[in-house]
Structure formats: structure tokens, C-alpha cells
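Its first residue numbered 1, the sequence shown is counted upward by one per residue in this note's numbering.
Honestly, the hints are just simulated from the structure, not real lab data.
We treat Cβ as the ideally placed atom computed from N, Cα and C, and that holds for glycine.
A hint or two may mislead.
Said to hold, decoys possible - Quick list of simulated restraints, FRET-style, between CB atoms:
no.	residue 1	residue 2	range
1	Y110	E29	38 to 48 Å
2	A93	F20	25 to 35 Å
3	P85	R40	29 to 39 Å
4	E18	N96	25 to 35 Å
5	Q30	G53	33 to 43 Å
6	A105	E70	12 to 22 Å
7	H72	R34	19 to 29 Å
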Amino acid sequence: MRHAVEKHFRRASEAASEAFDPAGIPYIEQDIRRATHIRRTMPVFLTLRDDDGSSLVTAMLPQPGRSQPELHPVIVGQGNSDPYPAHGEAIAALGNRFGMTLDRARCYPYSRS
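With the hints as extra help, turn the sequences into a complete structure.
What follows is the structure, given as C-alpha cells:
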């Protein structure tokens, strides 16, 4: 979709992997537990799609039920465009599903004041 969320995914994945401490875990289980740790600690990355499967909106959200005050949700359209005018209702429904308000001022990082 030509946007910057991939950069956020890479950074979050690397940080989660580096934070994993294999001490005391049998060698044969380390990869499995590392993968579980990464899934548990990384933000959630989602793509809203149309009926044909084409990408419309990409979102980076905090893990449900976990307090991550340092993580600000990011929601962008193709090419870092503003998805709110065309897909605001779908974004609001996504927010309801995750129990949070996904307003444009907070989630769209390229807002012009």
C-alpha cells in the first residue's frame, strides 16, 4: 500500500525479539517461546479491505486489554493518505471491536493543523 506502517511493523518486531530473554528455557523450545513473546508484545497490525480483497486502510493498534500508553495507534490509507473521509465508519467499527476510539486527530500521523 506504499505507506510507512511497514516501518513500524519492522521496528516493533525487532524490539520484541530483542526483549526476549531465553534464560532458563530449553534450547529446543526457545524459537517457539520467542514467537509467542513477539505475538504477545507487538502491536496489532490490521488491514481493512474491500469486497474484492483490495487494501483500503492499514492500522497499528495496541494489544487488546493491555495498557501501552507509549503506543499511539496509527491509521493510514494507501501512500500514507488520509483514510478517514472515505472509510471513517469502518475505522469507527474497528475501534469499537477493539474497545477504543480511533479518532483522526490521534491516529492519522500526517494531519495538517
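Structure-based check of all given hints:
Taking the beta carbon of each, Y110 and E29 are about 42 Å apart, inside 38 to 48 Å as hinted. Here the CB-CB span from A93 to F20 is close to 34 Å, well matched to the stated 25 to 35 Å. For the pair P85 and R40, the supplied restraint of 29 to 39 Å holds, since their beta-carbon distance comes to about 35 Å. For E18 and N96, the hinted distance range of 25 to 35 Å is satisfied, since their beta carbons lie about 34 Å from each other.
A C-beta distance of roughly 36 Å is found between Q30 and G53, which places it inside the suggested range of 33 to 43 Å. In this structure the supplied range 12 to 22 Å holds for A105 paired with E70, their Cβ-Cβ distance being about 18 Å. H72 and R34 have their C-beta atoms about 26 Å apart, which keeps the hinted 19 to 29 Å range intact.
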